[in-house]
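Sequence order for the protein chains is D and P. In case it helps, my numbering puts the first sequence at residues 1 to 80. In case it helps, my numbering puts the second sequence at residues 1 to 316.
Calculated directly from the structure, the hints in this document are not laboratory data. Misleading hints may appear alongside valid ones.
[Unchecked claim] Sample of chain D residues at the chain P side, in silico, Cβ under 10 Å:
#1 6
#2 8
#3 42
#4 46
#5 48
#6 49
#7 62
#8 64
#9 65
#10 67
In this text, a Cβ means the ideal position worked out from N, Cα and C, and glycines have one as well.
Listed here are the chains, written in short residue letters.
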Amino acid sequence: MEIKVLGPGCPNCQMLEETVKKAVKELGIDAKVEKITDMFEIMKHTMSTPGLVINGKLKHAGRPLPNLEKVKEMIRQETV
Amino acid sequence: MLRNFAEYLVYDVIHLEYSSRLADALVFFIYDTIKIFLLLSVIIFVVSIIRSYFPPEKTKRILSHKKEFIGNILAALLGIVTPFCSCSAVPLFIGFVEAGVPLGVTFSFLISSPMVNEVAVVLLFGLFGWKVTAIYIGAGLCVAILGGFIIGRLKLEKWVEEYVYKFHNGSQYEILKQSFRERLQYAKDNTIDILKRVWLYILIAIGIGGFIHGYVPEDFLVHYAGKGNFFAVPVAVLIGVPLYSNAAGVIPIVYALMEKGLSMGTVLAFMMAVTALSLPEMIILRKVLKIPLLCVFAGIMTVTIIAVGYLFNAIL
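Isolated chain D (complex conformation) (with noise of 0.2 Å):
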């Protein structure tokens, strides 16, 4: 699985990482968290940061900052 955290840096789009980093490794799968932060790439999923691409699918955008839980759920509903 592949999963992409988009943003330019700011604080939301860390903690957004932090977030789904913690969900792969809670969720025990196997897949590749990237940090993408060229404005080219963001550009082609949204234009609200942070974003969350799964599998080149964009699965949110913007703030409030989704939890646990449904980073937990985005990625389940991936994996099947």
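Once you've looked at the hints, dock chain P against the given chain D.
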């Protein structure tokens, strides 16, 4: 009813002496706190539901290829409801330009969004009443419309970083579909999120209102910065420009300044300068704008905000 509850707490639960100065201040503090937090919760919740219908992707589509002026007005209004924090200013700016939103219209949006929002509105209303709130919203929108319009007229597209024009994603972003239930959930999350960020500032503001009121002489600053002083407005604005805070953070200062006798126009101009213009925002915008355009932007904003300050002082 709220008032009775506050009095009940102070006199029957804490057993303070009736009508003492401290008791009065405490009643005032409890009453205002409950009132403002109730207002904030309800209004942020309602605005969040409206917001969920205006993601930036949609706003961009509405504003794309709009005529000047009408576009500026629409952009300033949409700035109130479209969710946006300063860290997404860059992707937002690029997205707007890519979709063919005129530069001046984009600026109207960027100016109005941080300056006029539900938190500012509730706090102004709760602490200063309808009149001040309405004037602040009206003036904020005018500054955004006018500032954007002037920037548009100056034809400064050449001072936008070249790479911005290289984005061609076809502006076909998927907008995450939401059921009404999900919108309610979003509104709830957003309300909690905002309250978590602003509650402390608000308590400080109310605290200043409740306690400093009556202890510090009211005309403390009048002599230096009252209505009569011609330089009060520009000095307040120039101090406010480099400072950075959201509307909630600046409210305690605004309240304290007003309590100490600064005139309404001076204080509101200060608040606009703090929320609409800031060094960190400039640094973020530097990624998409060249320095001359940043200077023009800051200059136009400073001048319009000062003008608004004088106007307030004249009519209030």
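In ascending order, which of the hints set out earlier in this document are inconsistent with the structure?
none
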